[in-house]
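**Q** Work out the full structure, taking the sequences as your base and the hints as a guide.
In numbering that gives the first Met the number 0, the protein residues as written are 0 to 156.
What the hints contain is simulated information worked out from the structure, not anything from laboratory work. A quick note: this is a predicted structure, and the numbers were derived from the prediction, not measured. Be aware that a few hints might be false.
[Said to hold, decoys possible] When the alpha-carbon atoms are kept at most 16 angstroms apart in a straight line, the in silico EDC-like pairs for lysine to aspartate or glutamate are as follows:
| # | residue 1 | residue 2 |
| --- | --- | --- |
| 1 | Lys-23 | Glu-35 |
| 2 | Lys-23 | Asp-78 |
| 3 | Lys-87 | Asp-43 |
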Amino acid sequence: MTQVRIRARRAHAAQGRQLRARLKRFLTELELDQAEVSLRLVGDRAMRRLNREARGIDRTTDVLSFPAASVPGSPLLGDLVISVPVAKRWALKLRKPLSAELALYAAHGLLHLRGYDHQSSAGRKQMAELEHRLLGSAGLIERAGRGSAPRQGASVR
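**A** So this is what it looks like as structure tokens:
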């Protein structure tokens, strides 16, 4: 059974519940029905600290992915951390619902947990196609290609 654990402050509880449902759908779409993912919704200060500690980049970002160690038979994919303030700023700028922006970050981060990356043109193309499949619309990769994307998160290995 798919399991998504959410950790969020009370102020972000509603977004956490919505994202749990979206992540479960994404996992099913990717044929990962037995997978486990942990999601943490944080503010800018916590995201900046995590980004600095994990990647050496001293600024906030949208989403970070922390893949689990590969243990044979383990359903655990890893942990996602999403910055709600970054999502709010971009949702306002792009005039879209906060829930859609958060789902975008969740889909992008989940693909990083699965090992996809956007460092090469082939990787960008593959991630863009998968984001579109999960979201039914353009994802972060396509947005970045149009020059209107926030600093993209990354997989932290």
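**Q** Any of the earlier hints contradicted here, and which numbers?
**A** none
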